[in-house]
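Order-wise, the sequence lines are chains X and D. Under my numbering, read the first sequence as residues 1 to 114, first letter to last. Under my numbering, read the second sequence as residues 1 to 110, first letter to last.
Don't read these hints as lab results, they were simulated from the structure. Warning: the hint list may mix true and false statements.
[Stated by the list, open to error] Computed Cβ-Cβ distance ranges for the label pairs, DEER-style:
1. X:ASP38 <-> D:GLY52: 27 to 35 Å
2. D:GLU38 <-> X:GLU56: 26 to 34 Å
3. X:ARG9 <-> D:LYS109: 25 to 33 Å
4. X:THR15 <-> D:GLY53: 33 to 41 Å
5. X:THR55 <-> D:GLN14: 43 to 51 Å
6. X:GLY16 <-> D:GLN14: 43 to 51 Å
[Unchecked claim] Each computed SDA-like pair below joins lysine to any residue, with the alpha-carbon atoms no more than 20 Å apart:
7. D:LYS70 <-> X:GLU42
8. D:LYS56 <-> X:GLU102
9. X:LYS57 <-> D:TYR93
10. X:LYS17 <-> X:VAL113
11. X:LYS57 <-> D:LEU3
12. D:LYS57 <-> X:TYR100
13. X:LYS18 <-> X:SER80
14. D:LYS70 <-> D:SER30
15. X:LYS57 <-> D:MET97
16. D:LYS109 <-> D:LEU3
17. D:LYS59 <-> D:SER30
[Stated by the list, open to error] With the Cβ distance kept under 10 Å, some of the chain D side facing chain X (calculated, not the full set):
18. GLN6
19. PRO8
20. ILE13
21. GLU41
22. VAL44
23. THR84
24. LEU86
25. PHE100
26. GLY101
Only a predicted model underlies this, so the values are computations on that prediction, with no experimental measurement involved. Just so it is clear, CB atoms sit at the ideal spot from N, CA and C, and this is done for glycine as well.
In case you want the letters, here they are:
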Amino acid sequence: EADIYQTPRYLVIGTGKKITLECSQTMGHDKMYWYQQDPGMELHLIHYSYGVNSTEKGDLSSESTVSRIRTEHFPLTLESARPSHTSQYLCASSEPGGPYNEQFFGPGTRLTVL
Amino acid sequence: TQLLEQSPQFLSIQEGENLTVYCNSSSVFSSLQWYRQEPGEGPVLLVTVVTGGEVKKLKRLTFQFGDARKDSSLHITAAQPGDTGLYLCAGAYAGNMLTFGGGTRLMVKP
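Only chain X is shown next, with the shape it has when bound in the complex:
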């Protein structure tokens, strides 16, 4: 079973607040990802990292930022949350050298911005 954790699981905040969504994995995976998913819909890649000090933007434009100071930790930050940021955010990781990029997902953070 994959050991990837996300906190908080649910977050309701007001417009303009700064928030950080936490993601940690204990599998030693180099590659980590953040996806945005509206309920029951497809996943959109917003950020990814190939390892420490590596961060890249994904296919979907996002106002969030990420950092990768430690292998196991890949937090996502929104400096000023808006209602358009309301969504589910999923963190994932994949094994180094894995040929098929099979990804292990955390349980997600459901964010609501009022």
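Given the coordinates of chain X, assemble chain D onto it according to the supplied hints.
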């Protein structure tokens, strides 16, 4: 951007029925994965298919990769309420990235 289309988007069936979910693209993928996601949780990997024409079975689930590696199908035999969930296909392409289909929401009624 590689695109994957899944059909049907929604499927509601009775326990014991069979069903097939399709995942199609005009692009070739190096591999294709199927995930299942339950409400409030992240997707969980079910299977990876790699070779064109490949068929993999996981209990009552049968996965097939098209000969040209552009499409895939998931067939469930004798569906059970525990099969309820969102089924997502994802294709791997250059750079080891994944592109996800829109998902098929399956409900199996007892």
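Hint-by-hint comparison with the structure:
no. : hint                            : result
1   : X:ASP38 <-> D:GLY52: 27 to 35 Å : holds (33 Å)
2   : D:GLU38 <-> X:GLU56: 26 to 34 Å : holds (29 Å)
3   : X:ARG9 <-> D:LYS109: 25 to 33 Å : holds (28 Å)
4   : X:THR15 <-> D:GLY53: 33 to 41 Å : violated (52 Å)
5   : X:THR55 <-> D:GLN14: 43 to 51 Å : holds (47 Å)
6   : X:GLY16 <-> D:GLN14: 43 to 51 Å : holds (49 Å)
7   : D:LYS70 <-> X:GLU42             : holds (18 Å)
8   : D:LYS56 <-> X:GLU102            : holds (16 Å)
9   : X:LYS57 <-> D:TYR93             : holds (17 Å)
10  : X:LYS17 <-> X:VAL113            : holds (9 Å)
11  : X:LYS57 <-> D:LEU3              : holds (19 Å)
12  : D:LYS57 <-> X:TYR100            : holds (18 Å)
13  : X:LYS18 <-> X:SER80             : holds (5 Å)
14  : D:LYS70 <-> D:SER30             : holds (9 Å)
15  : X:LYS57 <-> D:MET97             : holds (12 Å)
16  : D:LYS109 <-> D:LEU3             : violated (31 Å)
17  : D:LYS59 <-> D:SER30             : violated (25 Å)
18  : GLN6                            : holds (8 Å)
19  : PRO8                            : violated (13 Å)
20  : ILE13                           : violated (17 Å)
21  : GLU41                           : holds (5 Å)
22  : VAL44                           : holds (7 Å)
23  : THR84                           : violated (12 Å)
24  : LEU86                           : holds (6 Å)
25  : PHE100                          : holds (4 Å)
26  : GLY101                          : holds (6 Å)
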